[in-house]
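A.B. asks: Starting from the two chains in their separate frames, assemble the complex, guided by the hints.
So you can see what is in the structure, the chains are spelled out below.
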Amino acid sequence: MARMPGDRVRVLVVEDSAAMRSFVTAALEQGGPFDVTTCGSGFEALRALPRAHFDLIITDINMPDINGLELVKFVRESERHRQTPLVLISTDSRAADRERGMKLGADAYLVKPFEPQQLLDIVSGVVKR
Amino acid sequence: VSDGGEKALQEFLSEAQEIIEAFNRDLLALDEGRAAGRFDPEVINEAFRAVHSLKGLSGLFGVTRMTNLSHNLENLLDSLRLGRIELGPDTLDLLFEAVALFNRIVGETAGGSGDSTGLVEDFIERLDRVATKRAEVKEELPWGGFELDPSMLSVLTEYEEHRLRENIKAGRALYRIHAAFELMTIDKGLDQLKSKLKPVGEVITYLPSAESANEQQIELDIVLGAAKSIEEVNAAVAGSGARVFALPKKAAAAVEAMPVVIAPPPPTLKMARDDEGELSLKSVAQTVRVDIRKLDHLMNIVGELAIAKAGFSAIYDAVKTDRAHKKLARALQHELKAFTRRLDEMQSGILEVRMVPLGQVFDKLSRVVRKISRDAGKEIRLVISGADTELDKLIVEELSDPLMHVIRNCIDHGIERPEVRLKAGKPEAGTIGISAEQRGNHVVITVEDDGAGLDEKRLVERAVERGLVDVAQSGEMSRRDIFNLIFLPGVSTKEVVDEMSGRGVGMDVVKTNIARLSGIIDVESEPGQGTRLTITLPITLAIIQALVVRAAGRTFAMPLNSVLESLRITRQDIATVERREVMTLRGQTLPLARLERLFALGRGEEAPAPPRQFVVVVGLAQHRIGLCVDELVGQQDIVIKPLGRALASVPGIAGATELGGKKTELVLDVAAIVEEAVAAPASSERVA
Numbered sequence: 001m002a003r004m005p006g007d008r009v010r011v012l013v014v015e016d017s018a019a020m021r022s023f024v025t026a027a028l029e030q031g032g033p034f035d036v037t038t039c040g041s042g043f044e045a046l047r048a049l050p051r052a053h054f055d056l057i058i059t060d061i062n063m064p065d066i067n068g069l070e071l072v073k074f075v076r077e078s079e080r081h082r083q084t085p086l087v088l089i090s091t092d093s094r095a096a097d098r099e100r101g102m103k104l105g106a107d108a109y110l111v112k113p114f115e116p117q118q119l120l121d122i123v124s125g126v127v128k129r
Numbered sequence: 130v131s132d133g134g135e136k137a138l139q140e141f142l143s144e145a146q147e148i149i150e151a152f153n154r155d156l157l158a159l160d161e162g163r164a165a166g167r168f169d170p171e172v173i174n175e176a177f178r179a180v181h182s183l184k185g186l187s188g189l190f191g192v193t194r195m196t197n198l199s200h201n202l203e204n205l206l207d208s209l210r211l212g213r214i215e216l217g218p219d220t221l222d223l224l225f226e227a228v229a230l231f232n233r234i235v236g237e238t239a240g241g242s243g244d245s246t247g248l249v250e251d252f253i254e255r256l257d258r259v260a261t262k263r264a265e266v267k268e269e270l271p272w273g274g275f276e277l278d279p280s281m282l283s284v285l286t287e288y289e290e291h292r293l294r295e296n297i298k299a300g301r302a303l304y305r306i307h308a309a310f311e312l313m314t315i316d317k318g319l320d321q322l323k324s325k326l327k328p329v330g331e332v333i334t335y336l337p338s339a340e341s342a343n344e345q346q347i348e349l350d351i352v353l354g355a356a357k358s359i360e361e362v363n364a365a366v367a368g369s370g371a372r373v374f375a376l377p378k379k380a381a382a383a384v385e386a387m388p389v390v391i392a393p394p395p396p397t398l399k400m401a402r403d404d405e406g407e408l409s410l411k412s413v414a415q416t417v418r419v420d421i422r423k424l425d426h427l428m429n430i431v432g433e434l435a436i437a438k439a440g441f442s443a444i445y446d447a448v449k450t451d452r453a454h455k456k457l458a459r460a461l462q463h464e465l466k467a468f469t470r471r472l473d474e475m476q477s478g479i480l481e482v483r484m485v486p487l488g489q490v491f492d493k494l495s496r497v498v499r500k501i502s503r504d505a506g507k508e509i510r511l512v513i514s515g516a517d518t519e520l521d522k523l524i525v526e527e528l529s530d531p532l533m534h535v536i537r538n539c540i541d542h543g544i545e546r547p548e549v550r551l552k553a554g555k556p557e558a559g560t561i562g563i564s565a566e567q568r569g570n571h572v573v574i575t576v577e578d579d580g581a582g583l584d585e586k587r588l589v590e591r592a593v594e595r596g597l598v599d600v601a602q603s604g605e606m607s608r609r610d611i612f613n614l615i616f617l618p619g620v621s622t623k624e625v626v627d628e629m630s631g632r633g634v635g636m637d638v639v640k641t642n643i644a645r646l647s648g649i650i651d652v653e654s655e656p657g658q659g660t661r662l663t664i665t666l667p668i669t670l671a672i673i674q675a676l677v678v679r680a681a682g683r684t685f686a687m688p689l690n691s692v693l694e695s696l697r698i699t700r701q702d703i704a705t706v707e708r709r710e711v712m713t714l715r716g717q718t719l720p721l722a723r724l725e726r727l728f729a730l731g732r733g734e735e736a737p738a739p740p741r742q743f744v745v746v747v748g749l750a751q752h753r754i755g756l757c758v759d760e761l762v763g764q765q766d767i768v769i770k771p772l773g774r775a776l777a778s779v780p781g782i783a784g785a786t787e788l789g790g791k792k793t794e795l796v797l798d799v800a801a802i803v804e805e806a807v808a809a810p811a812s813s814e815r816v817a
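Just so you know, the protein sequences line up as chains C and D, in that order. Sequential numbering from 1 applies to the first sequence in our numbering. Sequential numbering from 130 applies to the second sequence in our numbering.
Isolated chain D, as found in the complex (with noise of 0.2 Å):
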C-alpha cells in the first residue's frame, strides 16, 4: 500500500469510527426515547444518515462486508423513519449488534486479524426477517388541504417529504419562516434560529432563496410544522428577525399570509469582513485528524527541550556565583524565564491536542449496560455525569476494558434481584452512576451502586481460603483492609462461572489495568446501601512530573502522580513492627521501604542513616506506602526513555531519564516497588 493509501485508509477508519460512535449514540437516544413513549423522528434520521455514510465511505475503500451490512441496515433504518415499519426492543437490539459487527469490521480493515463476513451474512438474514416484518405502505394523504408551492415540494426528499406528511396527518399547522443571514455568520445564526424553533415544532426542510436583496446575505424559508398558533410561533422567533407565515389551506377562507414581525436582523449577526467583500472559500472545517504518535514524537521533542533548559538552569547556576558575569548571569536568566514559560505554553498545547472527553468510553458502557443487565434480569438505571470531562487519548482507550469490568460486577454481583430489592424497600431498578471530574492534574472517575454491597465476611473467608490471609491476620484487618480484599487474586473471582463476569476476570485484573495507567483504585461499601469504587487518574502519561529525590548517594526520579505527600520525619518517628518498619500516618499504620535496601545500594554499616529524613508517600491502587529517601531536590518534567537491555528486567526501575547535565538518572518504578513490598512484606531486608 502506498504511503497516501495508508493515509487515506487510516482516515477512513478514523471517520467511520466517529460515525459509529454517533450512531451509537443515536440509538441510545432511541432506546431511552422508547423507554419514555416518545418518538424523535430526528434520531431515526440520524442514524439512517449515519449508516448511509458509512456504505458510502466503506464502497470507496472496498470493504464489502461493511457496505453489505450498511445497505441492508439503511433499508431497515429508512422504512422506520418513514414509518413502514415500527421501532420495537428486537429491531433496537438489531441495531445494537450492528454496532458492534461495524466495530469488530473496523478491527479487521485496520489491521487486525478475522474476517467477519460470515457473521454479517448472518446478521443481514436476520434483519430481512425483521424488514419484511413491515406493514402495507399506508395510502399516501393529500397534501390535507394546504396549498404547497410545487417548487417547494420539488426540493424534498423523500424523508423530508415524508415528515411533512406526518405533521399534516397529526393535524399540525404548517408554517414558512423567513429569515435573512449575513452570509459569514449562517452558520451560527441558523442553528440559534433552529433552537428557537426546536421547542415549538418539527423543521421539515430549508429552502435557500437565490434572489437576495444583498450580495452579502442569504434569504432562507424555513418550514415548520407546529401545533402551535402563529403568534406562539412568532413569540418563539422573537428577536431573531425572521418573519412567520402560515401556510395557507385552500377550504379555510383565504387567510392572508401576514408578515408579524417585521424587524431588521440584530446588528450582532454582522460580522466584520475585509473591504472588497472577497470571502475566503477555505473549508471552514476547523479540525485536523492527527496520528496519536505524531504528537507522541512532538511531546518527546518538548521532553528533549526541558532536558536542554535543564541544562541552561546548570549554567546559569554556575554562572550566578561568579561576580565578573554578573550582567550575563541576570541576561541568561531573563531568557530561560522566557523560554520556560514559552515551552510550557507549548507543552500544555500539545496535551490539549491529546485530550478527549471520556464520554467516549460511558457511550460504550452504557451498551453493555444495557445488553449484561437484560442477560441478568435485572433492571438498571445508568446515570452518567462528567462525560466532557477530558483525558489524554491513550487513557481513555486502556480504561474502556476495567471500567467494564467494574460495570459488570456492579450488575451481577452489586444490584440484587428485582423481588430481593422489592422486599428490601428499595426501588425495583437498580442504579449504576458513572461520575468523572477533573481535580488539578487528576481525574477522578467514581462508579457505585445501590446494591447490596460487599459482604465482608464472605471476603475474608474466601481470602483466608485461599492463604491470602492467615486466619490470626484476618482478625485484625480494618474494614478499609477487608474492602481491599477485593483486589487480590480469586478473591473476587465468582464461584459460579456465567457468561460475562465468570472468566477468571477479577478485580485483580481491573487494579492491575489501572495501575498500568498509574491510577489509583479506592473502594468503599455500605451493607445494604451500595458500593463505590474511586478511580483517580492521572491526565497524561506523555510526559510527567517527577520528584526527584536523593537516597545513598544517588539521584532517582519517580512519577509525581504516585506520590501523595512528602514528609520530614525524625529516626524516633518510625517503629518497627514484626521486622518491618512503619510509622503513624493520622492514624493509620504506613508501611515504609529504602531505596537503598530495595537496590542493595551499600550505605556501609558505619554511616547509619541520618536523623532526620523524608517520606515520601506513594500509592499505587489501593497500596500506600512510604519510602525514605535523604533529600528531596525539587520537581520537574521528565519524558521517560527506556533503559537498555542489562537493566530492562530490573524490578523497580521503570527507565531512565535525563536531568540536565547529561546525567542520566533512574526513574523509579512505583508500581514494581510498592507491589514488592506489599507482597513480600520481610522482603525489604533481604538484601540489607
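Next comes chain C alone, as it looks inside the complex (with noise of 0.2 Å):
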C-alpha cells in the first residue's frame, strides 16, 4: 500500500524479554515516526493481529507455546497482514531457524545483539520497500 510521507508507522513488537521489549520500542521510538505496540507472547500477537492494522511486524523468533515461525505463517496466511512487512529477530546461533524464517515470508532478520541503528536500517529497508 502507499504511504504518504509524514504518516506514522504502526509497529507490532511481539518478544518475550521485557527488556528486550523495551529495548526495541525506545530504539524505534527515538528513532522515527513510529507508533510501537507491543505484545509478550505470541498469543497476544494473535490476539492483536486480527484487529488493527499495523505497517510493519518484527518479532523474535525464540518465544516459547507460539515460536516466531509461527507467527510468520499466521501473518501471512491471513487477510489483514499479509503483505505486511515482517523483521525476525534471533540470536546468531539459531541460523537454521532464521533461514525457516525467511523461506515462510518474513522480509529481513536481526540478529541479538544490535544496536538501535542497525535496527532503524533494516526497518526503513522493508518499510520502503
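For the record, the hints were derived by calculation from the structure and aren't laboratory data. Don't take each hint at face value.
Claimed, not checked - Sample of chain D residues at the chain C side, in silico, Cβ under 8 Å:
hint, residue
1, A137
2, L186
3, G188
4, E287
5, H291
6, L312
7, I315
8, P337
A virtual CB, placed ideally from N, CA and C, is assigned to each residue, including glycine.
C.D. replies: Here's what the structure looks like:
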C-alpha cells in the first residue's frame, strides 16, 4: 500500500523478554515516526493482529508456545497482514531457524545483539519496499 | 549514565536475575529427574531458552562476559536438547557453576567490584571440553512412515523438529488436536488444554490457523506425540471441545482421520467483551518492576499519615469531652474511623507489594546443599515446604546468609557420615527439612536434620574452656540453656578449619543476623535423632507496630514483634537472686530489667516503684527478659526515624518516632537491651 510522507508507522513488536521489548520500543520511538504496540507472547500477537492494522511486524523467533515461525506463517496466511513487512529477531546460533523464517515469508532478520541504528536501517529498508 | 540508561540497566539486571533464578530451578529439576532416571526434554528446553534470553539481553547492554558465557552455554544446552550429548553429573556440575558465575557478573554489573572476565574464559574452556565429547550426529531418520504436512514441518524450529523425530523414534503415535479458543481467553484455555495433554504425551508444537470461521476465535492445531491410543487421548481432552485426529501413516491402510468428539467450546470460555468487539491492544502483562526504595518512600508517607492520624485522635479526645462541641466530635470521630480504615488498607497494600516468596532463598539453598554435601561426602535429601510463604523482600535478602550457615552446620556437624548412619540403623542419606509458615504477623522458618543431635557435654566443655560459663554455673544449666550455648561466640566453631564452616563463622553470627531482623531463634535437639532450629521473623520491618509504655515518667515505644507478652505483677512477684531481679514465669526464671536503671532516669529514692506494675516480656534470638514498666499505653504503628548525633551512640535506643501531638518519643532497641541485660547480669545495678 502507498504510504504518504508524514504518516506514522504502526509497528507490532512481539518479544517475550521485557527488557528486549523496551529496548526495541525505545530504539524505534527515538529513531522515527513509529507508533509501537508490544506483545509479550505469540498469543498476544494472535490476539492483536486480526483487529488492528500494522505497517510493520517485528518478532522474536524463540518464544514459548507460539514461536516466531508460526507467527510468520499465521501473518502470511492472514487476510489483513499478508503483505505487511516482517522482521525476525534471533541470536546468531539459530541460523537454521532464521532460514526457515525467511522461507516462510519474513522480509529481513536481525541478529541479537544489535545497535538501535541497525534496527532502524533494517526497518527503513523493509518499510520502503 | 543518563537517568533513562540507569533505569534500563536496572531493568536489565532484575530481568537477568529472574532468568538466572529460573535457570537454576530448571537445573535443580534436571538434577532431580536424573537421580530418578527421568529426562524431561521440556526442562532442558526451558534452560536453553533461559540462557538464550540472557545472551540477547546482555548483548544489548554490552555485558560482554555474560554474552560470551551464555553463548557457549547455549551451544552446550542446544546439543543437550537436540540429543547430541548426554546429561551427565559432570555436565550438570558445570551448569550449576554457570549459575554462580552469572550471579557474580550481575553483582559486578550492579556496581559491585571485581571482574570475572578471566573466570569466564577459564569456564568456557572447560565447557568446550564437555561439548567436544559430543557423540556424532545420528543419521536423521525419515518421518517414520508418517505423512506429515509440509506446511506443518516448515514452521517447526530445529528443536521442535528434533522432538518430533524423537517421538517417532520412540514409536509413539502422533496426533493433531484441533481446538478453537476465544481470543480473549486463549492463554487460559490453552493452559487448561495443555495440562490435560501433559499426562498423555508431549506437545511438540502449536500451529495457529489464519482461517477462522469466527473473528473472535483463534483455531489452533496442536501436534502431540503420545504412546496412547486415540481413545485415551480423547478421554484426556474430554470436555474441552477439542477434536483429536491421528496423523496417518503411509504404510497403514489409509487410516481415515476422523473427528471423534465434536462439541462446541463450553460457554465458560466466552468472556464479556465490549459491543464493538474492539479489544484492547495493551500488553496483558500485569506486572511492573519497582525499585524497593520507592516503596520505602511510600511507606514513610504512610508513617507520616499515621502520625497525622494520631494527631487527629488527640484533637478528637480533647473535643469529645467538651459538651459544646458534641456534634463536631461525633463528625470528627466518624471521619477518623473512615480515614483509619483507608490508611490501614493502604498500608497493607504497600506491604503486600513488598512481599516475595521465600522460595527464592530456598532455591539458592538447594544449590548449596548439593555442593556441600558432595564436598563432605554425605548424601543429603533436602525436603522443602512452604516455599510460597511470603516475607518482606529486604528480610528475604538478609536471610540467605544465615540460612546458608545453618544448613552448612547441619551438613558438616549434624548429619553423620553414611557408615555411621547405617550402623545407627538410619537411612544412609541424611534428611534436612526446611519449612516455612506464616503465623499471624510472623513467619516461622524451621530447619531440622535427622543427624546426631547436639553434644550437650561437649557444648558445656567448650563454653567453660572459653570462659563463657563457670564450672559452678554449668552444673545448674537446663537443657535449653545448654543448647543455647551454641549461639555464644566460639562455641559452635569447629576446631578443624574446613573449607566451608571453618572460617570462624559460627552460630553466633547467625544469631546476630537474625536478631538484626528482629527475629528470634530457638534450638531443640535430641541425641541421635537430630536438631531443629526455629527462626521466627516479623513479616516486615518497613513499618512496625509498637507497644507504647511509660516508665519513670517517660514514654517509650518498643517494637511489638519483639514483645512476647505483657503481664501485670505486684512487687511480691519479684525476687532477687544474686543481686538481680527475677520473677518466675510458668516455672521458668525470667530475668528482669528496669528502663529507668538502664537509662539512669532518676525516680528518686523517696518515690519507690509503684506496688503494681507491668512486665513486658521481650525476646531476642534465644534470650528472653522482662522489662518492668509503670504503664502500658497502647499499640500504635510507627516508622522509626534515625536519631540525631547526640543520641545516636546511646545503647538501647533504636531511634525516635512521633506518636502524635508532635512529641518525639524514643524507640527502644530491644536487641541491645537484652544483650546488655544478658551479657552483664549485674550491670543493671551499675547506674541505680
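A.B. asks: Against each hint, give a clear statement of whether it holds in the structure.
C.D. replies: Verification of the supplied hints:
1. A137: Check passed: Cβ of D:A137 comes within 7 Å of chain C, closer than 8 Å.
2. L186: 5 Å, holds
3. G188: Holds, because the Cβ-Cβ distance from D:G188 to chain C comes to roughly 2 Å (cut-off 8 Å).
4. E287: 5 Å, holds
5. H291: 11 Å, violated
6. L312: At 5 Å from the nearest chain C Cβ, D:L312 passes the 8 Å test, so the hint holds.
7. I315: Since chain C brings a Cβ to about 5 Å from D:I315, closer than 8 Å, the hint holds.
8. P337: 5 Å, holds
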